[in-house]
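Participant: Protein chains in written order, with the numbering used here: chain C, 1 to 330; chain R, 1 to 327; chain E, 1 to 409.
Be a bit skeptical, because a hint or two may be false.
Stated by the list, open to error - Keeping only pairs whose Cα atoms sit at most 20 Å apart, straight-line, the calculated SDA-like set for lysine to any residue is:
hint, chain 1, residue 1, chain 2, residue 2
1, E, 5, C, 107
2, E, 357, E, 402
3, E, 10, C, 107
4, C, 41, E, 10
5, C, 142, R, 23
Bear in mind the hints are in silico, worked out from the structure with no lab data behind them.
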Amino acid sequence: MGENRHSSLGLTDKDVINMYRTMLLARKIDERMWLLNRAGKIPFVISCQGQEAAQVGAAFALNVEKDYVAPYYRDMGVVLHFGMTTKDLMLSGFAKAEDPNSGGRQMPGHFGDKKNRIITGSSPVTTQLPHAVGFALAAKLKNEDFVTFTTLGDGSTNQGDFHEGLNFAGVHKLPVITLVQNNKLAISVPYEKQVASENIAVRAQSYGMPGIVVNGNDPLDVYKAVKDARERAANNEGPSLIEAVTVRLTAHSSDDNDRTYRTNEELEEARKNDCISLFSTYLKQCGVLTDELEEKMNNEIADEINEATDYAEQAAFASPDTLLDYVYEK
Amino acid sequence: MAEISYIQAITAAMNEELEKDENVFIVGEDVGGKGGVFRATDGLYQKYGEERVIDAPLAESAIVGVSIGAAMYGMRPIAEIQFADFILPAVNQIVSEAAKIRYRSNNDWNCPITIRAPYGGGISGALYHSQSIEAMFNNQPGLKIVMPSSPYDAKGLLKAAIRDNDPVLFFEHKRAYRLLKEEVPEEDYIVPIGKASVKREGTDVTVITYGLCVHLAKQAAETLAKEGIDVHILDLRTVYPLDQEAIIEAASKTGKVLLVTEDNKEGSVIGEVAAIIAEHCLFELDAPIRRLAGPDVPAMPYAHSLEKAFLIDEDKIEKAVRELALF
Amino acid sequence: MDTKKITMPKLGESVTEGTINSWLVKVGDTVNKYDPIAEVMTDKVNAEVPSSYSGVIKEIVREEGDTVAVGELICYIETENEQESEQAEQKNQPSTGNLKERPIETSDETSMRSRYSPAVVKLAGEHNIDLQSISGTGLGGRITRKDIQAYINSGKMDKAPIKEKETEDQTAIYSAGGKDNEIPVTGIRKIIAENMTRSKQEIPHAWMQVEVDVTDLVSYRNKIKTEFKQREGYSLTYFSFFVYAVARALKEFPEVNSTWAGDKIIQRHDINISIAVAKENELFVPVIKGADEKSIKGIAKDIYQLAEKARSNNLAPSDMEAGTFTVNNTGTFGSVSSMGIINHPQAAILQVESIVKRPVIINNMFAARDIVNLSLSLDHRVLDGLICGRFLARIKSLLENMNEKNITI
């Protein structure tokens, strides 16, 4: 029996099983997306693989009933926990009319779903950060007790919106949590060529908020940091910056060949830190997960994904009549 | 009804909307205790407090980006950009975000933000305090661009912009701020966005313009009337999307059309107006469509002689109308 | 059982083809949906292409190393389930509505019948066409520019009444039983004929002639002509001196530089001198613009250039526009007296005849002098003898006073 670290964080066995299931679901959906892309059925995939622990660990620390999230394009783990379904994601992959993110208007990974408080996003990076700060400003002005959570990659922390947004949040002490998922690659450019500071968390100092580095391959470590940040936010103690150091197991996107800028050895090294197997091992070591349960879980997920794929593949595209809809309020 | 200036009308509109709707708030540089560099928010900080009249850090992308977030939540932010010339750092937020939020989310989200910015020259503002910036935004479906020409319109249009459920860029001519005065109702009214307005009925030449140039055209029209030239003036009021019907009607009325803007000529808003007329009014035209605009130099210089040479004035409008009348 | 096609997938934005690196299956292999079947390389990515169906590989169509366009067949799979994915392809079409193609309305309505575009009005005006007599093929019966062009090309224009009368007259011409050489009247000849007829029919011509002693001018010109030609590359003709003198005189007599306009006489501000240039059976009348502002040399140069252009068929319409008075160099042909036809709508034409040596009495003594006749035809509606007499006297005086001492070329 290994050490049980989740109980002390207030997480039940059921909680951590759910956490694992969400991580696994994100991974499996993502893998299916690649197969569909390689079979020529969907035009584009951008992956969460390797970052599920950071995403799901953080999302579990939030209040899914009232908090708002402004995710970035890899955040399948976040949106799954915030109510988006496998079917929704498949509809988005196939760009079908029923896709709740955009009705097939945006590429996959451009999440948004108002009923689940997932804020609509775009392709230019880091624009979502000031939006999250704006939601937090609204919470303050309206005296509401929700917290806003936003994520981005390491490369995006060089954008002006990162600095402008965090500074605004710091000046006005707003209830917003910023999670940087540092996979150490901005498409092909490594961390050393992107960021001059020793880590990203230290950038928080400039903006009057705590900045901490956590192990992004461990959902419990991320969970704890986000949980603490949420408490601070809820207690009017202002914003936080969290850097989850993690790995990217795929190419940047379905249009990228990462073998042109990283070696097999580097990728093998990254795979050793695959959060899915690490967390599986942890759960098994502390007796929460068995091989049988894991196989059952895998089978259920496979069925769910097959069903969602079939549904989405057969669903209708948006009619050309709708091209002009919703430029402005009708 | 009291006679108030263009800027007082703008202050009044914000005051009334802050009073009426608790979701309305102002954010911008120096808008708080100082009341704005042009004093457009004069007294509002004192009345509504620092939470609703927010002095923002000097960072335009954050002013707009944070406002967009709040607007998506359901607030009605009025973001002030100190000079229209300084809106450029916020263009990504305006064009990639605000303009596309409703469309990209298939109507799930919307963004009721109003972005106010003083534009225009004639105040020795040189290259970076004088520009007309509207053309940069006038091929961005999802945005609305409003440019009022009078105190009455300024108040009614700003109130309409704040209540609009889509993003509105509201450009105020800074020379109009204290130059233009008229009787403006104290009670609540709005002027609809997207509707142009006939500011003078005439039969000889149609002038289509917007913003301060409407005032200049009206003055020119009075002089020309004494010479027997009867000028018809259409004020676009909303320069994007354009009120096509009103443009076609006004152009058809006289068949001779002068388009006026203070902006640089090539690629300006009036080029699009000319295209609309060309598409629809072939059989109504009695003369080639004529454009009167700022020259194609980066922006108006500081020296008075050069500034004056750049700017549109009554004389330039008179001359162009006269030539069209004689055609 | 059903045979399905597997095609080359589109592996990435902007990718149009892929190369099969290796097949991961062989004919007869059983595969599950999404099992990898081939490794494909594109210029953006390398990828394993999965099967879209469960079944047995029936035939491999493209070999390893083949580069295959996106959408082209690579292999066949025999499947158990016929329905699979057929539905998908059908239902993939939009569920609601379609942008229906609307047929273009081709009704007989004539709402546009009397709406003339500027281009149509211009063409009609240029060819004196009554738009009411043309039918339009455009939308709503509109007359298009092509309609006018077709009308012009159809030759219907030539059926004007005047032309018919001409045809009648021609039938009365004496015929020498087919021995005569009949030359069709076309092109420039036709235009010359029309212009001359018009001028002669409309303008009441009157004539006047003076004799000018140009002995000094001749001796001066003979002295410098060779050197001038060498220096400038073109000849210093007598004609240049005459045009120069005429332009000066016109400046003083604007009455002569004018046009009859029915209810008014227009005195021209500019002095643009038309000169006649003959070429075979063609006659061109190019114009020296602003002749009063030019030196003798400037005029000589203009004459040279215009004549060159005429000879090489390079005269532009603009070279022949806006003439206000014509000077005709009839002396070239040896003529000593002629009556020019006025170049319509100008008010006069001056014929410069041959310079001839003649005995002249000066101070009661015979002297051999170089004499030239200048013959003026004038529009008697515009001009009278008095003014023309003064005009010619002025030219005479200018020319007779041209000598080595006071000419500036």
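Participant: Now, for every hint given, state plainly whether the structure supports it.
Facilitator: Hints, one by one, checked against the model:
Proximity of residue 5 of chain E to residue 107 of chain C is assessed by CA-CA distance (about 28 Å); at most 20 Å being required, the pair is judged violated. For the given pair, residue 357 of chain E sits about 17 Å from residue 402 of chain E by alpha-carbon distance, which is consistent with the 20 Å threshold. In summary, the hint linking residue 10 of chain E to residue 107 of chain C is supported, as the alpha carbons are separated by about 16 Å, within the 20 Å threshold. A distance of roughly 8 Å separates the Cα atoms of residue 41 of chain C and residue 10 of chain E; the hinted pair therefore holds under the 20 Å criterion.
A threshold of 20 Å between alpha carbons decides the hint, and for residue 142 of chain C with residue 23 of chain R the separation of about 8 Å falls inside it, so the pair holds.
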